[in-house]
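Chemist: Below, each chain spelled out in residue letters.
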Amino acid sequence: MFILSLVLCLACGLGFAAIAAWLMSRRGNTIRDILASDRQPEALRIEVADKLKISTNVPTVALYVIAAIVAIALPAYLAWLDRPLPQSKTVLLGGIDGYLGLVGPGEKIYAYPPEMAVRGDGNFSFPLRNGDKQQSVLFESPKTYPVTLTIIIKPDKKQLEVSTDPFWRKTYLIPIQDTFAKLPAPIEISPVPSAHEQQAQNTPTPLPPVTAEMASLPPISGGDQ
Amino acid sequence: MTTPNKTGWMARTAAIALFFVVGLYPCLAQDSRVTGSFFLQNPNASVPDPEVGLSVYLFDTKGQVWSKPVFTDSLGRFSLANISPGDYYLRVLGQDGAVAWEQKLVIKAGVQRLQPITLKRP
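The listed protein sequences correspond, in order, to chains A and B.
Residues 0 to 224 in numbering that gives the first Met the number 0 are what the first sequence spells out, letter by letter.
Residues 0 to 121 in numbering that gives the first Met the number 0 are what the second sequence spells out, letter by letter.
No lab work stands behind these hints: they were computed from the structure.
Using N, Cα and C, we set each Cβ at its ideal position, and we do this for glycine too.
Please note that the accuracy of each hint is not assured.
Label-pair distances were calculated between CB atoms; the ranges are [claimed, not checked]:
hint, chain 1, residue 1, chain 2, residue 2, range
1, B, Gly85, A, Ser4, 13 to 23 Å
2, B, Gln94, A, Leu3, 37 to 47 Å
3, A, Asp120, B, Thr12, 44 to 54 Å
4, A, Asp120, B, Met9, 49 to 59 Å
5, B, Gly62, A, Pro104, 42 to 52 Å
6, B, Ser73, A, Thr210, 30 to 40 Å
7, A, Ser189, B, Gly62, 18 to 28 Å
8, B, Gln63, A, Pro154, 48 to 58 Å
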């Protein structure tokens, strides 16, 4: 659509420029005549078969300005109107289930990326990047299992699809109202049992052998990475 | 009044019911959790560094589908919840998108902890 508008604007601009060039080639209207004259440049006058006579005081030179506006400024304005929506326009509102029971005094559950933050009561308002198809937020604290919240902004930018389930069997489809989308239920985060953590070795773990089955797995789809 | 025969019948029924409830519970419990942690070898220290920001994927061999990614936290840990028991492949991508780890995984009911994995420093 934009290409069609651009072509039309360029055609109209060239048309105006051609009219201006034709008028200025006529005696009394050339640039040399205009510069040599003390008077205002000749006005544009159109006569059709000595019956229809249209005249205006707009100088012929102005046609060049109009041509430039139509050919360059108008497409630029249309491109500006068609620009991508500004970043961080949609805000996801939600909370963490039983937040105060999950963290001790002075502790908190952190969210990553850094522009995401969980408030002291476990509620959050995450600014989302409208340009991204899929975004992830990681909730973490030493006492809880990490949880990855995956968010997909639908192409019409009127709905969000949200899930913490890696296989997306349980998802929420949330309408965006006035740039806000509210999770219908709080995020469930589980505490880590206070069992003894296994200590990692500082020597590389031997890589498991790559079987024929593993080698033949389909690639992870690009949008999910 | 309850006769001894009737009492015995009730006890047997209760025992059978208890056997089924206890015995079948692990099969009925569909949700499983797989947890693990990734580290990066640190030649200048005695312990490895937690590997942050790895993308962890599961491939379901039954459904022939990849999961959405979960990410390792600042302690290098990841957690995959609500996973149906079955055969899977675990694939872990580094922040550069290269495969950092890959293994077959048989997930059973309940919580399954994988041994900590230390990756070789490139």
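Chemist: Return the numbers of the hints above that this structure violates; sort them in rising order.
Modeler: 1 and 8
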